[in-house]
Amino acid sequence: MKTLTNFSYVLLFITVLILELLIGIFSEFSDLEILPFLILLFYISTKNFSNAYIFAFFFSGIYYDLFYTSNYFGSTSAKFLLIGIVINFINNKLNDNLYNEFLVFFVAVAIYKFEIIIYSFSINELRIILLISVINYFLFKLINITLKRDVFKKSI
Amino acid sequence: MYQESQKRRNYIIYILFIFLSGAVFLVDLFSEKKFSNLISDNTDFLFPVSQEAISLFDSVELNFLKNKNDLINENARLKNEVIELRKLKLVNEGLVKEISANNELIKNVDLDNIIYYKSTILIRNTEEEYLISGGRNINLNKNDLILNEEGFVVGYIVKVFDDHSLINTIINSEFSIPGIDQYGNQYLVTSNKKELLINSIYIEEINLNIDYVFTDVVFDQIGKFPIVRLSNEDVSSANNKISAVVNIDYNFSFDSNIYIVKEK
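Chains A and B, in that order, are what the protein sequence lines are. For the first sequence, our numbering gives the first residue as 24, with consecutive numbering after it. For the second sequence, our numbering gives the first residue as 2, with consecutive numbering after it.
Some hints here could point you the wrong way.
Stated by the list, open to error - Pairs of lysine-lysine, BS3-like flavour, derived with a Cα cap of 27 Å: (1) A:Lys25 - B:Lys8; (2) B:Lys8 - A:Lys70; (3) B:Lys8 - A:Lys171; (4) B:Lys8 - A:Lys164; (5) B:Lys263 - B:Lys35; (6) A:Lys116 - B:Lys8.
Stated by the list, open to error - Over the 12 Å line for every Cβ pair with chain A, so calculated as not near, a few chain B residues: (7) Arg78; (8) Glu94; (9) Asn138; (10) Asn140; (11) Leu141; (12) Ile202; (13) Glu234.
Think of the hints as simulated: they come from the structure by calculation, not from any bench. Even for Gly, the Cβ is constructed at its ideal location relative to N, Cα and C.
Sequences are here, hints too, so could you generate the full structure?
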C-alpha cells in the first residue's frame, strides 16, 4: 500500500511537471510564467511536509534531468529537495501572515529559477522573478482556498 | 516534543536524499554523462510531447469568440492591410537590391553537400532552453547548427534524444560559438540574452569594415553560415582586439521556422 501511495505521488508530481512545461506552449514563451509544479512544491513544503513525498521530489527531478535539460543527473532532484527543506524551515521560523508567506514564496521562486539569477543577474530578471512570484502566489492562494473549503461544513 | 523530533527526522531524510542526488550527480559527472544518456536512451518513450501534438495545439482556433464587432474590426484591419501592402511593395524593391548584395554570401556555402531538416519547437524548459523535434532518428549530433529562415545561426544542439533534441540558442546566456570574418580574424560570439557579444580571440588583420561573422570548418563546423551581421553595427578596436555588441531581434515561438544543418 505504501509503495502504491509513493508511486501515485511520483506520478502526480511528474504529471504536474509536464503540465507546467505544456502551459509554456499556450503562453508562447512569455517571461511571465505560470508554474503549477512550483505551486505544488510550495504547497507540500508548507502545508503537508513529510517523508511520504521524498520519492516524488527525487524522481520528478530525475525525470526532468533525463528528458528536458542538459544538466548532470541528480542536479534537479537536489534543487527540488532543497526547495522542500528551505521553504519548510523558513516557513516554520516566520509568523504566519500574508507578507511572510509571500516572502517565502519569493524565496522558492528564486531557488527554482536560480540558474537565471546566477548566469544573467540583472534588475530586469529580478523584476521578472518578482512578477512570476506575484502571479503564482495568487494562484497558490486560489488553490489553497479551494482545497480548504469544506462543502459539508457549510451552513445552508 | 514528538512533532519536533518528527520534523528533525524529516529534515535528516531529505538531506540524505540530497546527498543521494549528489552521488548520482558525481557518477554522471565522472562517466561524462554516459550514465544519464544510457538511461534516457532506454526510456525515451516516457517523453510525452510529439510534433503532432504541438501541431494539434497550434491548429486549435477559438471561433466561438467571433461576433459582429470582430467582423467590423476585421474589415478595418483588411483596409489597413491594403495600405501596408502598398508600403511593402516599396520595401520589396529595397530587398531585391539586398538579395543581390547577399549573393556573395550564398556563394560561400556549399549547398550540394548539405541537408536542411525543418524542425519545430516542442517545449521550453525552466532554464529557458528549447526542445526541438528531430533527434537520433535523423542522425543529429551534438553541436549541429540551428538556422533561422534567413540562414543565420540561432543555436546549436547540446543533447540528442530519440526524436527530439535540446538546443542552446542565442537567447541563452550559455550560448557560445566561435566564428570568423572575411579577413580571417577569429571571434567568440556569446550572449547575455538581449545582445550578442562579439570578441576577437585571434587577429589576422585589424579591419573594422566587417560584413558578417561566420561559422567555419576550422572550428569543426559544417561550413560557412552567418552568425551575426556587423556591416550596420558599431565595431570597436582596442589593444589589438576587435569587439562589437549587437541587439538580438529574433524571438522564438512555436511558429518559428528553424532548420538543422547536416552534412550529406
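Is Lys8 (chain B) within 27 Å of Lys164 (chain A), Cα to Cα? The given pair, whose Cα atoms are some 25 Å apart, holds under the 27 Å limit.
Is the Cα-Cα distance between Lys263 (chain B) and Lys35 (chain B) 27 Å or less? Holds, at about 24 Å.
Does the claim that Leu141 (chain B) lies off the interface hold, with its Cβ farther than 12 Å from every Cβ of chain A? Nearest chain A Cβ is 14 Å from Leu141 (chain B), so the label holds.
Given the hinted pair Lys8 (chain B) and Lys171 (chain A), is their alpha-carbon gap at most 27 Å? holds (23 Å)
Status of the stated non-contact between Ile202 (chain B) and chain A (beta carbon gap over 12 Å): holds (21 Å)
Quick check for students: does the CB of Glu234 (chain B) sit more than 12 Å from each CB in chain A? holds (22 Å)
Does the alpha-carbon distance linking Lys8 (chain B) and Lys70 (chain A) stay inside the 27 Å limit? Satisfied, since the Cα-Cα distance of roughly 13 Å is no more than 27 Å.
Decide if the proposed pair is consistent with the structure: Lys116 (chain A) and Lys8 (chain B), CA atoms, cutoff 27 Å inclusive. Given pair Lys116 (chain A), Lys8 (chain B) holds - Cα atoms ~13 Å apart, limit 27 Å.
Tell me if the straight-line CA distance from Lys25 (chain A) to Lys8 (chain B) falls inside 27 Å. Between Lys25 (chain A) and Lys8 (chain B) the Cα gap is close to 20 Å, so the pair holds against 27 Å.
Was Arg78 (chain B) rightly flagged as not at the interface, with every chain A Cβ beyond 12 Å? holds (20 Å)
Please check whether the beta-carbon of Glu94 (chain B) is more than 12 Å away from every beta-carbon in chain A. Since the minimum Cβ distance to chain A is about 33 Å, Glu94 (chain B) lies beyond 12 Å and the statement holds.
Since Asn138 (chain B) was said not to touch the interface, does its Cβ keep a gap of more than 12 Å from each Cβ of chain A? holds (16 Å)
In this structure, none of the earlier numbered hints is contradicted; all agree with it.
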